[in-house]
Amino acid sequence: EAQVTQNPRYLITVTGKKLTVTCSQNMNHEYMSWYRQDPGLGLRQIYYSMNVEVTDKGDVPEGYKVSRKEKRNFPLILESPSPNQTSLYFCASKGWGGTGDEKLFFGSGTQLSVL
Amino acid sequence: GENVEQHPSTLSVQEGDSAVIKCTYSDSASNYFPWYKQELGKGPQLIIDIRSNVGEKKDQRIAVTLNKTAKHFSLHITETQPEDSAVYFCAASAGTSYGKLTFGQGTILTVHP
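Going down the list, the sequences are from chains Z and W. 1068 is the number that the working numbering gives the last residue of the first sequence; the numbers go up by one with no jumps. 472 is the number that the working numbering gives the last residue of the second sequence; the numbers go up by one with no jumps.
None of these hints come from the bench; they were simulated from the model. For glycine and all other residues, C-beta sits at the position ideal for the given N, C-alpha and C. Check each hint, because a few of them may be wrong.
To be verified - Distance windows between CB atoms, simulated: (1) W/P441 / Z/Q956: 40 to 46 Å; (2) Z/P1036 / W/D418: 37 to 43 Å; (3) Z/T975 / W/D386: 28 to 34 Å.
What the hints assert, rightly or not - To spell it out: a stretch of chain Z is covered by chain W in this simulated footprint if at least three of its residues, at any positions, have a beta carbon under 8 Å from a beta carbon of chain W; those stretches are: (4) 987–998; (5) 1055–1065.
Said to hold, decoys possible - Cross-link-like lysine-lysine pairs, in silico, DSSO-like; alpha carbons within 30 Å at most: (6) Z/K971 / W/K416; (7) Z/K1056 / W/K430; (8) W/K417 / Z/K1010; (9) W/K401 / Z/K1018; (10) Z/K1056 / Z/K1010; (11) W/K401 / Z/K1010; (12) W/K430 / Z/K1018; (13) W/K459 / Z/K1056; (14) W/K396 / Z/K1024; (15) W/K416 / W/K459; (16) W/K427 / Z/K1010; (17) W/K416 / Z/K1056; (18) W/K396 / Z/K1010; (19) Z/K1056 / W/K401; (20) W/K381 / Z/K971.
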């Protein structure tokens, strides 16, 4: 089944403790992206990657790192998490949706709480 | 950068009524405008999109209209059903590969049986 898989689904951590949220897609998509969702703010793009070893900042990249060493994986790294990074995170990849247009496929989300 | 404003933030309708959600964007270079539906506990899913060379697009009960001059676009859902209840997001992007996609704040749609 074509899908974007994020792990973990829920994560509680403490300030300053490095963490990684993994994202994997099995559709051979070149484009992948990370978003955070906060009430009243919608989804805001953190980082995106157009292909392997090609990454760029989105609208809210501060405090985050990403890497794209292989096409299928795009992990999100928080080197020193802070409480303002408590949020719902989504990974997405872009490819053909079967209707002739490209579309974003989203993962199921990772709810992160930083205490 | 791009700024997308979405209204209303909540919308409540009776089953069978129509629902309209509106978005405005700031970057005149934006040329791709998708709409996403997010059900509880799930990631957003694309429901319809429109490119700037088209003024309207329909897919069964949903339609999107685009006014490039005014820089606004709208989602129209006719004959609403309870399963249409969800959070809806509009988005805008410039460029053919939409590297950066800017989302609106979201609209919580509730359809009452």
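If you count the residues of the region 1055–1065 of chain Z with a beta-carbon closer than 8 Å to a beta-carbon of chain W, do you get 3 or more?
holds (count 6)
Hint check: W/K430 vs Z/K1018, CA-CA at most 30 Å. Holds or violated?
33 Å, violated
Distance restraint between W/K416 and W/K459, which requires alpha-carbon spacing of 30 Å or less:
Distance ~23 Å between W/K416 and W/K459 Cα, so the pair holds.
Decide if the proposed pair is consistent with the structure: W/K401 and Z/K1018, CA atoms, cutoff 30 Å inclusive.
24 Å, holds
The hint says 40 to 46 Å between W/P441 and Z/Q956; measuring C-beta to C-beta, is that right?
Since W/P441 and Z/Q956 have Cβ atoms about 27 Å apart, the given range 40 to 46 Å is violated.
Chain W covers the region 987–998 of chain Z, three or more CB atoms within 8 Å, holds or violated
With 7 residues in contact (Cβ-Cβ under 8 Å with chain W), the coverage given for the region 987–998 of chain Z holds.
Straight-line alpha-carbon gap W/K401 to Z/K1010, limit 30 Å:
Given pair W/K401, Z/K1010 holds - Cα atoms ~25 Å apart, limit 30 Å.
Take the C-alpha atoms of W/K396 and Z/K1010, compute the straight-line distance between them, and say whether it is at most 30 Å.
Measuring from Cα to Cα gives roughly 25 Å; hence the hint holds.
Pairwise hint evaluation, W/K401 against Z/K1056, where the allowed Cα distance is 30 Å at most
Satisfied, since the Cα-Cα distance of roughly 17 Å is no more than 30 Å.
For a C-alpha distance cap of 30 Å, please report whether Z/K1056 and Z/K1010 respect it.
Holds, at roughly 20 Å.
Distance restraint between W/K427 and Z/K1010, which requires alpha-carbon spacing of 30 Å or less:
This hinted pair holds, its Cα atoms lying about 27 Å apart.
Are Z/K1056 and W/K430 close enough, with their CA atoms no more than 30 Å apart?
Satisfied, since the Cα-Cα distance of roughly 22 Å is no more than 30 Å.
Hints 1, 6, 8, 12 and 20 from the earlier list are contradicted by this structure; the remaining hints agree with it.
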